[in-house]
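All chains, please: the whole structure from these sequences, using the hints.
Chain by chain, the residues run as shown.
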Amino acid sequence: MSAPREQFRTTRRGLLRAGGVCLALPVFESLLPRAARAAASSGKPTKRIVVSSNNYGCYKHAFFPKTAGPDYELPETLLPLEPHRKDFTVFSHLDHGIGGGHKCVPTMLNGVLPHLAPQFPDGNISLDQKAAEFVGSATRYPSMALSVNEANLISITRTGVQVPAVDIHGMYRALFLEEPAEVRNRLKQKGDLHCSILDVVLDQAKGVKGDLGSHDKRKFDEYLDSVRSLEKKIVQQKPWIDQPKPKCDRPEPPQGKGTEADLKTMMELVALAIQTDSSRIFTLASGYAGGDYGLSGGYHDFSHHGEREYQVKAVKAIERGQIAAVAHLVELLKSQPDPINGGTLFDHTMILFGCGMAEGHHTTKDLPLLLAGGGFRHGESRIYPEEEGKRVMAANLLLSMLQNFGLEIDRFGTSTGTLTGLEPLPS
Amino acid sequence: MAEQWLVIVRGKQRGPFSSRQLRSLARHDQLGPGDLVSRDGSLRWVPASKVRGLFGAPADKSADPQTPPASHPPEASLPAADGPLPLVVERSTAMRIQGVKRSWSPARVFAFAAGCAVVAIAGIAALVLMREPPSDRRASGQREMAALKPAAPAADRPVADASPAASPDVVQADPFAEPGHTPPAEPPVNEVAADDPAAGEPEAIDDFQDAVASAAELEPEPDPEPEEAHASRTPIIANAAAMRHVQTFMKRHCHDCHGPDTQENGIRLDNLSTDLADPLVLATWQDALDQINKGEMPPQDEPRPADADVEKVATALGSILADAYARQQTSDRKAIVRRLNRSELRNTLRDLLHLDGPDLRGPAGPRLEDINGDGNLVNTSRGPVREFPADEEIHGFDTIGQNLVMSDFLLKLVLGAAEEALKMATFEGPKPSVEPRKFNGHLRRDGPGLEALARASNPDFELILQRYREPGAAAGILGRVAPHDIGHGGVGFSGRYRITIDVSAHNQKHPWGEMIRSHQDEPMLVGLHTADTRRGAYGDGNPTCRQLKQWEIPGDGTRHMLVHEAWFDDKWTPWVGWENAPFDGELLASRLIEKYYPDLFTPRPKDDAPEKERQDYEPAMVKKLFERGYLGPQLRIHGMTIELLLDAWPPQSHVALYGQSGSEPPESLILPFARRAYREPVTAAQIEPYVRFVESNITAGVPRPDALRAAYSAILASPRFLYVDGGEGRLSPHRLAERLAYFLWSSMPDEELSKLADSGGITDPEVLRGQVDRMLAHENAGEFVERFVDRWLRLDKLGKMPPEMSGPFRWYWDRQMESEMRLETYTYFADVLARNGPIRDFIDSDYSFMNERMATIVYDRRDVWGNGFRKVKLTDSRRGGVLTHASVLTATANGVDTSPVVRGVWVLESLLGTTPPPPPPNVQPLPPDLRGALTIREQLAKHRADTACAACHRKIDPLGFALENFNAVGVWRTNYPGEKNLPVDPSATMANGRQVPDITAFRRMLLEREDEVTRSLCEKLLTYGTGRLMEPGDRGEIDSLVARLKKRNGGLRDLIELVVLSPVFLEN
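So the sequences go chain by chain: A and B. 1 is the number of the first residue of the first sequence in this note's numbering; add one for each residue after it. 428 is the number of the first residue of the second sequence in this note's numbering; add one for each residue after it.
To be clear, the hints were calculated from the coordinates, so they are not data collected in a lab. In this text the structure is predicted, and so the values were computed from the model without any measurement. We put the CB at the ideal spot given by N, CA and C, even for glycine. Since no wrong hints were added, every one of them can be taken at face value.
Using 35 Å as the maximum straight-line C-alpha spacing, the simulated DSBU-like pairs for lysine-lysine come out as follows: (1) B:LYS839 <-> A:LYS103; (2) B:LYS850 <-> A:LYS232; (3) A:LYS334 <-> A:LYS233; (4) B:LYS739 <-> A:LYS103; (5) B:LYS1407 <-> B:LYS1369; (6) A:LYS86 <-> A:LYS313; (7) B:LYS998 <-> A:LYS257; (8) B:LYS1227 <-> A:LYS257; (9) A:LYS232 <-> A:LYS103; (10) B:LYS1369 <-> B:LYS1382; (11) A:LYS103 <-> B:LYS1407.
If you only want the chain A side, here are some residues facing chain B, beta carbon under 7 Å, derived: (12) THR157; (13) VAL161; (14) GLN162; (15) VAL201; (16) GLN204; (17) ALA205; (18) ASP216; (19) LYS219; (20) GLU222; (21) TYR223; (22) SER229; (23) LYS233; (24) GLY290; (25) HIS304; (26) THR363; (27) LYS365.
If you want the footprint, here are the derived chain A segments under chain B, 3+ residues with CB under 8 Å: (28) 114 to 125; (29) 189 to 200; (30) 293 to 303.
Right, dumping it as C-alpha cells:
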C-alpha cells in the first residue's frame, strides 16, 4: 500500500508510520464512545496515561541531570528525548520511602508494599487501576497491561492482584481482531449465564453470614463484594461485545525481533489504541532478550553491575533503548490530532517512565522517574530535597497525575499532597 | 455492637475508634473536617465533615479537658487542643504503617482505639497505662507490670493475663541472646519506677476518663460494649529485663530532652508506656529505635553513648518490638475462614469430580516454559487453575485466612475453572474401546543409529543398547521405546491405564567392556516414563517426560512382565528406557567390528565415494555384527500392552453429575454433589434454590446437562465450597475431617473420612492416628510433601529469580534443573516421612536422592544413572541434609550472585525458627563495587561496621558465610567469578564467639541445635495444618510436643501424629 500523500488524508485516516511498521486506520467519530463525546462537549479534556517501566531501575549517573532548571545538560540515557526537551520533566530524589529491593518493583504505581496494603483505603491499587475505575466502561478496555520481553508487575487491582499483561500479539488482537459472531454470541451467553449463577450464589450466600465471627464476617464481606463487583463488570462489558472494533489494514506486526524493535512496535500499538480510544490507560514493562543491542548476558546480571564496565555499558544501552521508545511514542502522539479534545494526542497523554526500584543493586532510594506530555508545564529538571525529613514522596507525582486525569481525590497511596512544582498548563 | 470508625489522618489510617473517641479526636483537632472517615469497616470513605454532629456546636457543650483540675500533676497535663499529633512523623511512613498494622481481633481493636484516643489527647503520657478500669481479672500479671511502667499504685495497674506462669504476654527472651544470658525470671519490682516522678497518675486517669465520658456522643453508646472490650483486651507487655535495660539507657541519654522538664519536638520518653499493644506507643518506641539506629539521637553536640552500648540497646529494643509486631497480627489463636488457595481448589475439583491427570497433581499454577527458545515464556499447563495468580502469603505460608483475599477477578477465574473441570468430567461421546492394545516385535518405526539398524537382524523385539539422553542433549528417541502411533499421538482417551512391558535384559557381564562401559555389577534398571506427545513425541526434546516407575531386573536373559497402572491423558504416551545403560556418544557397529571382529571389518568409504556406497556402509556393518553375535549388554523389549481400565460407562465422573439414565430428578443429583462439595451434611432446603435454578433453566429451554452444570458452577462458586471454616472451639467432626484432609492431602476428605465424620468416630484419637497413617500412604499425600516442603524450606521461591537463559548458568534451563532440584528435596522429605526418620536427617546426613543430572551437575559424580531419583550415599562430607540441597541454595540466591545475608536469614527462619527483625527504615543496600578487590564478606564487614546494622547482621551473616562455597545454583566453588577470581572464605565467627571454619563444621554446630530445628518444624507443621500463624500463646504446647517427641526418640511421622492430636490442631 502506498502511503496517502495529501495532508488531509493523512490526518483524516490517522496514518501512523514509523520504524518500518505502518498501520493505517480510520478514526470514525461514531466509534468514539458516547462518554468520550460527552466529555469532549463538556469541555473537560479526556486524558490518557501511559506508563513505561522496567524491572531493574536505571544507572543513575546516566539518568539524573546534574543541575535543576530548564538549562540542564541532558544526561546520556535521556539523549533520545533531546527533540522534546521542552515537553518532559525529569525528577530527582523522589521515591516511596520503602525498602525491599526487587519487591519494590511492583510498588512503582502505588508506593505500597503488599503486606501494608490493608493500611490504605484503596489497598495497594496501582495508579492505572485507580484511573481505570474512573474510566469504567467508557472505553472497550478500561486499561491495558502490556509487556515486551519482561513481566509486567506494576498493575495491581484494589485487592492486590496483579493484572496479567499481553504482548504484541495479544495487544494487536485485542485492538483489531474481530471475534466471529459465534464467539461473540458465546461470550454474551456466558456473561448472562455467569450473571444468573452469581444471582443464585448471592442469594444463597446471604444466609451464611449469621453464624460467622467478626473476623470471618470481614472475609465474607470481601467475598460478597467480589460477587457484586463481578456481576457489575460483566454487565458493563457486555455492550462492547457487539461494538465493532476499529479496522486496521495492516497484518499483525511481528514480534520477537529483539526488544528494541518490539518496543517500538508496542509503542505504535499504544498510539493506535489511544487514537481509536480503545483504552486510555496503559502500563508497559520492557526488558531484554539475548542479543539486543549487540550484548550478551542477562538483564538481571547486567543490573548487578557493580560498576563493571561491560555491565554498565549494557544497562545504559538497554535503558537508552527504553527512553528511545518513549521518544518514539512522543513523536507519534505529537503528529496526531486528538479527535476528542482537539490539539494533539500528546497534549492530553501523560507518559510516565520509571521503575519502583532505583538501581539493580536493590536500592530503592531516588527512583528514576520522568513525565512527558499530558498538559503539564514541562521542560525542566526538578531536583527535590535529598535530606532525610524533607524528602518528597513519589506518590505525590502519582496523585498529581490522577488529578490531571480527572479524579477528584486528594490522596493516593502514600501521597502527602500533589507534587509541588508540577503545574498543569492553563487549558 | 457499637459503631466503629476508621480515620485517615495525614495519609495514615487509624482506628477503629468508637463514636465517642472519634468525637474526642475531632474536638482536639486531631481529626480535620477534610480527613476521611469510614464506618463499621465498610471502607466507604467520606470526609469527616459529612458526619453529623462531629464538628460544631454539640462538642462545645462538654467539659473542656484542656483545663486540668488543680491537683493534676504537670507531667500528665494535656497538651493544647491545637498541639501537633506528636507521634506523626511523615518520613518513616513504611515503618509507621507497619507499626500500626491492623489486626482485627476484638482485643486489639479496643487496645488500638483506646490507645489512639488517649495519645491523641494526652500526648505520650503515662496516662496510656491507666485507662484500664478496675477489673476482677487484674490481680494476676502484676508482677510483670510492676517493673515496667512508671510508678502507679498496684491497684490501678492494667492486667495481663490470668496465669502469669504461662503468660502469653511476656515477650520471649531475645531470640539472639547468647547462651547463658537469660534475663532474671522475676525482675525486682519498681526498679525503674522508684525514682519516676509520675506519682499522681491515678487522678490523671480519672480526669481523662471523665473528660472522655463527658464528651458529647454522636449516638448513644450502649454501656456494656467497652466493658466487653476491656475484658478481652490483651496488652502486650515487653520483656521486663530487656525493657529495663533499654529504659536505663534512655534515662541516661534521652530523658534530659524528652523528659518531664523538656519535651523536644513534643516527644516525652520518660513516662512512655511499655504496653506495646498500643500502636502509638509502639510507634514511639520504633521512632526511638530508628533514631538510635541511625545515630541521629542523641544529637552530635550531646555526649555520645559508647557504640557497644548503642548496639546492645538497639538489639534489645529491636527484638522487643519485633515480637510486639508479630503479636499485633494475632487472631486470638483462631483460624479465620479461609479461601481455598489455588492448589487446594485444583485438588478439590479433581477429587470432587473424580478426575485425575498430570496437570491435576503437582504444582497448580501456570507452568511457564520457553517452548521455542526465544525467551518468550508460554503457559503450558492444562490444569483448570493455570491462570490463577500466586496466592498471598505470609512468612511463606499460603494457607493463612487473613491473607487470602477474594476479588471479582479471582471469582471470575474460579467460575472458569469450575466450568472447565465440569467439562472434563463430562463424557458424551461413545464408549472407547477397552480392548487391550498389544504391540509386539518392532514397536518403533523410527529412531537413529545402531538400535534402528539392528531391527533388520532382530525381528522379534526392540533393542535398547544405550541410554536415552536427558533434556538438553539432542539425540532423538535413542534409547526410548514406545508403540509408534501412541508415541506420536498419545493413548487416545484420558483415563487410568495398565501398562505391561514384556522385557528381558542380556549380557550384564560382557567381554566388550573396553568399548561399552556399562555397570556390570548392577542389575539393569528399566524405567517407565510418560510424555505429552503434543510437545514433540517422546523424544528427548520433550520437557514433559517424567519417570513413573523403575524396576531392577538381572541381565541374565529371563523374560519379565513388568506391570504398572497410571493415569494417562489422551495425548500422553508411555515409553520405556534403560536407566543405567551405557552412553558413549557414538556406538557404531563399524567400531565394534574393527575391535572385536577384525576379520569382518572393511574400512569406511572415503568422503568422495558415491553416496550410495557411503549410506550402505554402516547398515552392512550392523548386519555383520549381529550375524556374528552382539555380545554387549542390551535390553530387549518384546512387547507392550496398553489397557484402558474403565469399570463403567459413562465413567463415574459423568454419572455423578448427570445420573445413569439421564432422567433422574435434579435434587437426587445435586444433594450428594453439594454434600461432597460442602464437606458437611446438607439439607434438602439448602439445595432447593439450586434445584429451582436447574428447573427454571430447563423450562426456559436450556438442555438438561447445561442446566445442571450451571447449578454445579453456582455451588462451586459459593462460599461453603470455596472457604474452609474452623468454627469455634473444639472442631466438629466434619471440620476436623476437613482440616485433616487439607493438611495431609491439600484436598477434600474422601469417602472414608466423610463417613468417620458423619459417625463422629473421627474424634477418637486412635481413629485419628489410623487415619494419619492411611492418609500419608495415599497418593494425595504427595501434595503434602511438595507443598509443605515448599513452605517450610521456601522452595516456592525457586523460579522467582532464576538464572538467566543468556547468563552463565544456561544449563539450568537446558537441563531443566529446577524440577530436578525440587525433586531431590521432595524425595528426601518423603523418604524421612515414609520411614519415620529422625528430624536431624534434615540438618545433616550421609545420603541424598539424586538422578543422573543432579549427580553429574550438582554433586560432580558419575556413578548415578538415568532419570529416576535414588537414595545415594554421599561420598563428600561437604554435603548432607537439606541445607546443602541445590534447591535450597538456589532458592536463597537470586540467580546471579549469592548473599550470606539472605542465606543466613533462611537458616534463622526456616531451620531455627526465629525471624530476625526487618532492617531499619531507609537503610539502603550498599552499592557493591565489583571492580575492586572486595568480596561479599568484605562488603558485609562494612555493613556490620555500621552500628545500625551490626546488631542483627552480627547474628545473620555468620550463618550464611559457610554457604558461600555454593554458588547461586548450589554448585560447589572455591573462588568467586569475576576478573579477580577472589577465593571464597567460608569461615565465620558466630554471634557467641564460636569459630566455624566451613560447611561441615557448620552443620555439626546446627546438629547441636536440633531442638530448635524440631521446634521450628513443629511450628511450621501446625501453621500449615491449621491455617493460622502460631502465636506466643501456642509456645507452651509446641514446646511440649517437642519434648514428647524427644522423649520417645520419635521421627517425622511421630511429629505429624503429635501435631494432629494436639489441641492446637483439634481446636479453633
